[in-house]
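Undergrad: Given the sequences, and given the hints that come with them, work out the whole structure.
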Amino acid sequence: MALKTDNLLEPHPEGIYCPAGDFWIDPMRPKPRALITHGHADHARAGHGAVLASRETLEIMAIRYGEEFTQSRQVAEGEIRIGEVSVSFHPAGHIFGSCQIRIRPDNGPVIVASGDYSRRANPVCAPFEPLACDIFITEATFGLPVFRHPDPLGEAAKLLKSMADFPERPHIIGGYALGKTQRLIALLRQAGYDLPIGLHGALMRLSRYHQEKGIALGDLLPAPEAPQLIIAPPPALGSPWAQRFADPVLGYASGWMGVRSRAKARRVELPLVISDHVDWPEVTATLQEIAPEEVWITHGAEDGLLRWCALQGLSARPLHLSGYEDSDSAPAEPEA
Amino acid sequence: MKAFAALLERLAFTPGRNASLTLMRNYFAVTPDPDRGWALAVLTGGLELRHLRPQLLRHLVSERVDAQLFAISYEFVGDLAETIALLWPEPAEYQVVPLAEAVALLSGDDRAGSTLARLLDRLPKDERFALLKLATGNLRVGVSGRLARTALAGIGARSLSEIEEIWHGLAPPYPGLFDWLTGGPLPQVSATARFRPVMLSTPVTEETLPGFDPADYAAEWKWDGIRVQLVCEAGQRRIYARSGDEISGSFPDLLAGLEFEGAVDGELLVARAGRIAPFTDLQKRLGRRTVSRATMTEFPAHLRLYDLLQQGAEDLRPLPFRIRRARLEALGEISPRMDLSPILPFADWDELARLRADPPAAVIEGVMLKAWDSPYLGGRPRGPWLKWKRAPMQIDAVLLYAQAGHGKRAGYYSDLTFGLWHQGALVPVGKAYSGFTDEELRRLDRFIRKETRDRFGPVRQVTPSLVLEVAFEGVNRSARHKSGVALRFPRVSRIRWDKPAAEADQLSTLEALL
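Chains as they are written, first to last, in this note's numbering: chain H, 1 to 336; chain X, 1001 to 1514.
One should not assume that every hint holds.
To be verified - If you want a taste of the chain H side facing chain X, the calculated C-beta under 8 Å gives, among others: (1) Met28; (2) Leu153; (3) Asp165; (4) Pro167; (5) Pro248; (6) Trp256; (7) Val259; (8) Ser261; (9) Leu311.
Said to hold, decoys possible - Pairs of lysine-lysine residues, derived as DSS-like cross-links and limited to a Cα-Cα distance of at most 25 Å, are as follows: (10) X:Lys1284 with X:Lys1408; (11) H:Lys161 with X:Lys1125; (12) H:Lys264 with X:Lys1125; (13) X:Lys1284 with X:Lys1482; (14) X:Lys1499 with X:Lys1450; (15) X:Lys1002 with H:Lys264; (16) X:Lys1450 with X:Lys1408; (17) H:Lys264 with X:Lys1408; (18) X:Lys1431 with X:Lys1499; (19) X:Lys1408 with X:Lys1431; (20) X:Lys1002 with X:Lys1125; (21) X:Lys1450 with X:Lys1431; (22) H:Lys161 with H:Lys264; (23) H:Lys264 with X:Lys1431; (24) X:Lys1002 with H:Lys161; (25) X:Lys1408 with H:Lys161; (26) X:Lys1482 with X:Lys1431; (27) X:Lys1431 with X:Lys1389.
Since the hints were derived computationally from the structure, they do not count as laboratory data.
The C-beta atom is built at its ideal place from N, Cα and C for all residues, glycine as well.
TA: Structure follows, in structure tokens:
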């Protein structure tokens, strides 16, 4: 049974539009009114007329794009009336400040647009909050049963073991500036590493921001001052920046590292399977837990998830949004 | 097998030889027997495991995973064993499974694969992957048997030569080996026809040669085949490559009908009626477990003898080369497929230089010099044996693609693909990784970044404008290369910043050398 959703949400190549409230969710191009789930560059763009987002997401956008990133902004708190619908923001567990957006029309199905989300404990953000809804919009970045992310602490331990195996070689790990870097640092602290961690310049501002917000990341230094262990944006690993370090062990932290051909293509010695997205067991368990009438799939490996929904007798459709890079790989987007 | 799986995973991503040695050393040092012995057997290729057919693996996974989800997953992952390892249901709780158990299972007879499935049920992902890679027989960790043995030499008091001396007398899981490596008693060595560590030479050039006295040295041609050791003891007949790997299966024609008892060192070649064939003919015989009669007739194996290491019960290795050579000559003909490598008469280095400049056959790579008084020492001792190779061949090629290097060259574009002109276009002919100084490396890196025309993943295509002078040891025909030729040991001898790309060489220059 397909729900009557005409006039409520329309998928477009550049994002999801809600005619009843005349707003867009995570639009790729400047729009008069945008609701933003989280601060990754493939969801949060500059140049909208008005932005509604969590306080943290607004702050992150201001750091990345400057205070002028939008004409007007509003912090999402409680339930907010827009046009003929009510919207509210709830934690998604993906990165600091990331939210799902719940849309409640006066008449019609309740929709939750989850954005990117994760079910793993993450010391740098609030956990995902399951919300009752009729339509659940999910990502499918890792929507294949081959993706079962291992315990991230085990991956941190792998890095520490490599540092013990090769104490004389600097370890440089590729990780994106927003989310992955801070998660990796927090994991290393949890795993007992309490020495200073070196950061590439491009990662410093957002990491300091996390610290200002009270997230304990320990001692962070510019890369050359803590060469034993460095985190850098992935493109820096193949750039002249990396040339100053003698015989480094290059690593890369991403959910894609769980598949060997993907890891090989990165040409790193130390692939670490650390992801801020739901893996297969998590996305399927989430769909079972929320049990919506219908599942909409935004981006990633839709085919796998569609097949699973069919086996479960769960109604599902792909939205074919084009603009979303998955923030775990995004080769052209240094920080997404 | 947790530590073993972690080692395999790490080795698969480690390109550097030294880093691989460190990882293996650390593994061997802390892993208990017999698991480390089984791991050593896997790394050295010393296990004959039963390989499972892909059909069977597909059947096993079909009992646990939806066929359509499997198909989508397999298409994404691209490797059957890996797809199955990733898809297989996770065990409820972690259990320690010794590598020995996996080896025992794969050595047994389980045609239906049901015991394999039950073991997979107990293993976490990395260990499932290791098990399935063992079961399908393509480990691909990029480690040679010799490198694994070199790692053994690093964990204790024994040298690589000492290890190789006993290696072929040991069988997996090598009881007593690790104890001996760290100072314990010599393990029981049972087998006959063992490998003896091969004596290698160090290079000399025109410049360094005058430092040696010509009267101290015997000279021989350096033949372009593969260096082997042939051992016949108590009915066992074996041929070893210089790495210590046994290659008897490829050369039954050489071993047939031998009456001799002992061990000889020589160059394995293909020869027809006394004429030595080019290296490409020998390649037709290498890397085969069995060889057809037709191949043996078309590419007959021949052994050119260099040295006598063992005669009957007597170990000749401590004797001087002069005596060993005399004893080798006194043996007479061992087989019609063997002859002596001739000793070249020369009075001084100038005379030898003239001989080297004009060798009687194309398959001669230079000359070998052996001190008359040198005992046969495994490894590469400095001084007693010298190789004076003929000058390498060179070609001017154009840089086409570049990829970043690893380790000390991380962040630098140092893996270079070069090409030659053919009908007005540049055709890739090979890759070179070395031959430049650090200063040149930095300049090259700047050039590549500046001249990048396109990118394919980690590979940069550059404007074809830089000429590289590439040195190499030979040219072979190759069906795998688009150009139809493959170079042996190519390296950059000079970067010709001055030379226009249009003046680089034609592909036909290489074809003429075939």
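Undergrad: CA of Lys1482 (chain X) to CA of Lys1431 (chain X), is that 25 Å or under?
TA: Between Lys1482 (chain X) and Lys1431 (chain X) the Cα gap is close to 13 Å, so the pair holds against 25 Å.
Undergrad: Is it true that the CA of Lys1408 (chain X) sits at most 25 Å from the CA of Lys1431 (chain X)?
TA: holds, 19 Å
Undergrad: Going by Cβ atoms only, is Trp256 (chain H) closer than 8 Å to chain X?
TA: violated, 11 Å
Undergrad: Compare the distance between the alpha carbons of Lys1499 (chain X) and Lys1450 (chain X) with 25 Å, and conclude whether the hinted pair is satisfied.
TA: holds, 18 Å
Undergrad: Does Lys1125 (chain X) lie within 25 Å of Lys161 (chain H) when you go C-alpha to C-alpha?
TA: Holds: Lys161 (chain H) and Lys1125 (chain X) sit about 19 Å apart, inside 25 Å.
Undergrad: When you check the alpha-carbon spacing of Lys1408 (chain X) and Lys161 (chain H), does it fall within 25 Å?
TA: Measuring from Cα to Cα gives roughly 21 Å; hence the hint holds.
Undergrad: Holds or violated: Lys1002 (chain X) with Lys161 (chain H), Cα cutoff 25 Å?
TA: It holds: about 14 Å lies between the C-alpha atoms, which stays within 25 Å.
Undergrad: Under the criterion of a CB-CB separation shorter than 8 Å, is Leu153 (chain H) in contact with chain X as hinted?
TA: violated, 14 Å
Undergrad: Holds or violated: are the alpha carbons of Lys264 (chain H) and Lys1431 (chain X) at most 25 Å from each other?
TA: holds, 19 Å
Undergrad: Taking the closest Cβ pair, is Leu311 (chain H) under 8 Å from chain X?
TA: Nearest chain X Cβ about 6 Å off; hint holds.
Undergrad: Against chain X, is Asp165 (chain H) within 8 Å by beta-carbon distance?
TA: Result: holds, 6 Å to nearest chain X Cβ.
Undergrad: Next pair to validate is Lys264 (chain H) with Lys1408 (chain X); report whether the Cα-Cα distance is within 25 Å.
TA: Holds, because 19 Å separates the two Cα atoms, which is no more than 25 Å.
In terms of the numbered hints stated before, the structure departs from hints 1, 2, 4, 6, 10, listed from lowest to highest.
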